[in-house]
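To convert, note that position 57 of the sequence shown is 58 in the numbering used here; the numbers rise steadily by one, no gaps.
Don't read these hints as lab results, they were simulated from the structure. Fair warning: there could be bad hints in the mix.
Calculated lysine to aspartate or glutamate pairs in the DMTMM-like style (CA-CA distance at most 20 angstroms, straight line) [stated by the list, open to error]:
hint, residue 1, residue 2
1, Lys47, Asp16
2, Lys47, Glu17
3, Lys47, Asp10
Computed Cβ-Cβ distance ranges for the label pairs, DEER-style [what the hints assert, rightly or not]:
hint, residue 1, residue 2, range
4, Ile22, Leu72, 15 to 25 angstroms
5, Ala68, Val44, 27 to 37 angstroms
6, Arg62, Pro11, 30 to 40 angstroms
7, Asn70, Val44, 32 to 42 angstroms
8, Arg67, His43, 25 to 35 angstroms
Remember, it's a predicted structure, so these values are computed and weren't measured experimentally. Beta carbons are placed, not taken as given, at the ideal position from N, Cα and C, and that holds for glycine.
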Amino acid sequence: MSNEPEESDPFLPRDEVAAAIGVSVRTLSRMVAAGEFPRPIHVRRKPMWPRSAVMHWRHERVAEFRAINGLDRPIKGAARPRVKVD
Numbered sequence: 002m003s004n005e006p007e008e009s010d011p012f013l014p015r016d017e018v019a020a021a022i023g024v025s026v027r028t029l030s031r032m033v034a035a036g037e038f039p040r041p042i043h044v045r046r047k048p049m050w051p052r053s054a055v056m057h058w059r060h061e062r063v064a065e066f067r068a069i070n071g072l073d074r075p076i077k078g079a080a081r082p083r084v085k086v087d
């Protein structure tokens with residue numbers, strides 16, 4: 002995936018980005034400063050992020066969480082569909 006936004010890729014303001022990733026605006030600012038989240042593009046002095054970049058970052062974190070917690074493989078003892086045998 003390219004880091005360049007597409008022509009039709011809408012930009013999201015800081016409060017919408019924070020809500021989309023489930024953190025406060027202050028935490029988002031700290032994450033950007035620490036290099037844990039992509040830097041914004043400033044549009045009329047307002048920090049904005051391409052929606053595709055935010056969704057890509059979120060997808061990567063979910064995949065990382067699933068891999069770390071073993072959720073990328075079948076869960077042991079998970080309920081299986083019962084098959085009725087006559």
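These are the hints, each one checked on the structure:
no.: 1; hint: Lys47 to Asp16; verdict: holds, 11 angstroms
no.: 2; hint: Lys47 to Glu17; verdict: holds, 13 angstroms
no.: 3; hint: Lys47 to Asp10; verdict: holds, 17 angstroms
no.: 4; hint: Ile22 to Leu72: 15 to 25 angstroms; verdict: holds, 19 angstroms
no.: 5; hint: Ala68 to Val44: 27 to 37 angstroms; verdict: holds, 35 angstroms
no.: 6; hint: Arg62 to Pro11: 30 to 40 angstroms; verdict: violated, 21 angstroms
no.: 7; hint: Asn70 to Val44: 32 to 42 angstroms; verdict: holds, 37 angstroms
no.: 8; hint: Arg67 to His43: 25 to 35 angstroms; verdict: holds, 34 angstroms
Violated hints amount to a single one, hint 6; each of the other numbered hints is respected by the structure.
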